[in-house]
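Undergrad: Chains as they are written, first to last, in the working numbering: chain E, -8 to 74; chain H, 17 to 145; chain X, 173 to 344.
Calculated from the structure, these hints are not laboratory results.
Treat the numbers as computed from the prediction; the structure is a model and nothing was measured.
Take the hints with a grain of salt, since some may be wrong.
To be verified - From chain H, some residues computed to sit far from chain E (all C-beta separations above 12 Å): (1) Ala116; (2) Thr117; (3) Val118; (4) Glu119.
Said to hold, decoys possible - Covered, in the sense of this in silico footprint (three residues per stretch, anywhere, with C-beta under 8 Å from a C-beta of chain H), are these stretches of chain X: (5) 223 to 230; (6) 253 to 259; (7) 266 to 280.
Where a beta carbon is used, it is the ideal one built from N, C-alpha and C, also for glycine.
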Amino acid sequence: MITLTFALLTASTLLFAFRAFRGPSVADRVVAVDAMVIVAIAAIATDAVRTGDARFADAAILLALVAFVGTGIVARFIERRGG
Amino acid sequence: MGVLADVLLVAGALWFLLAGIGVARLGDSLARVHAATKATTLGMVLVLLGAILQSPGADGLKLSLAIALVVLTNPLAGHLLGRAVEANPGTAEVRIDIRATVEADETRPPDDRPLESEPDEAGPDEAGA
Amino acid sequence: MIAGYLVPTLWLTTLWAVLWRSTTTATLVTGVVVGAFLTWAVRHTHEHREHHRIRPVALLRYFAHMMVALVKSNLILAYEILTPTDYTRPGVLEVRLPKSSELVLTVVANSMTLTPGTLSLELDVDTSTLSVHVLHLRNVDAARAEIEELHRLVSAALMQVDRRTPPEGARA
Chain E
-8 MITLTFALLT ASTLLFAFRA FRGPSVADRV VAVDAMVIVA IAAIATDAVR TGDARFADAA
52 ILLALVAFVG TGIVARFIER RGG
Chain H
17 MGVLADVLLV AGALWFLLAG IGVARLGDSL ARVHAATKAT TLGMVLVLLG AILQSPGADG
77 LKLSLAIALV VLTNPLAGHL LGRAVEANPG TAEVRIDIRA TVEADETRPP DDRPLESEPD
137 EAGPDEAGA
Chain X
173 MIAGYLVPTL WLTTLWAVLW RSTTTATLVT GVVVGAFLTW AVRHTHEHRE HHRIRPVALL
233 RYFAHMMVAL VKSNLILAYE ILTPTDYTRP GVLEVRLPKS SELVLTVVAN SMTLTPGTLS
293 LELDVDTSTL SVHVLHLRNV DAARAEIEEL HRLVSAALMQ VDRRTPPEGA RA
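All chains should be modelled from the sequences, with the hints used to inform the complete structure.
TA: Shown next, in the form of structure tokens:
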């Protein structure tokens, strides 16, 4: 079951990566990258279930903050200079 | 208890896969923002429930903090991106069929503007009107 | 003044204890110090805030509505993504809401992102106007009704207490 979860998360990451390469504008790319970071947080949670030890939960918190702030900054950039 | 948690985890991962399909397939940039924001938020909630059921105590608390952060900030990030794309499309594929102004306030005088239906040009036209 | 510091400091100390995974005296003391300092550091954000009273029953109803909306919006989205035909009819709707406080409008704007097919774009607090991007805009009235409903739920949950001084942006 855990393996299945990881497989699905990996598949979704590949799809996001496709959009990150393809998406014609900066906004498309940053949407995909932000979603990939969210997938990373979910993967950390799944790994915590697998090992029974939430050792990377700190990293998950930081990732959540960084993803949000980074996306916000790029959004401001797009609004001002165009993407 | 373990089975429910596993089911929740897989359901959450499936929803992330749906988000991936949406972002890769949809043809409208703003629609992709919709898909990424909503689907990842629900996927996160499902994964959170699954993880908390399996790791109670302080570990679960920490995880729920991380995921609560995501649930709170993800919609906001989606809003910021949607706003930026709409203001300055650039090379994004954006298509807007209707623009309308409606009143939701009974105390204000009604606005007599009719419903305007103007197809906007999508694609790389001018960088931001 | 101390009351204004109490809740934020308590909350920050709790977060501190969770992050450090310990509830020893040293952790709690440092947590209180850090929490109090942070609350002091951002005190200017509390100066012009309007006061709202939270009604618990209405708040619960709002949360229930939000959870249902989250699931519903995702189901609609799933249908849209998985079927090959394009059902989208994108539109931008500018809704003029009844005059509300900044907090209520912010909560409504944030919640719009999770309701089916909508994404909030612009928020003008002075005129209480909210612009949303709707993915399946078939019926303008239906979308407007949804937004109205959301605004009603939020206004019921967060009642504005201080009505003596009009807000800064009030221009009739």
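Undergrad: Could you run down the list of hints and mark each one as holding or not?
TA: Evaluation of the provided hints:
no., hint, in the structure
1, Ala116, "holds (23 Å)"
2, Thr117, "holds (22 Å)"
3, Val118, "holds (25 Å)"
4, Glu119, "holds (28 Å)"
5, 223 to 230, "violated (count 0)"
6, 253 to 259, "holds (count 3)"
7, 266 to 280, "holds (count 6)"
When the structure is compared with the earlier hints, a violation turns up for hint 5 alone.
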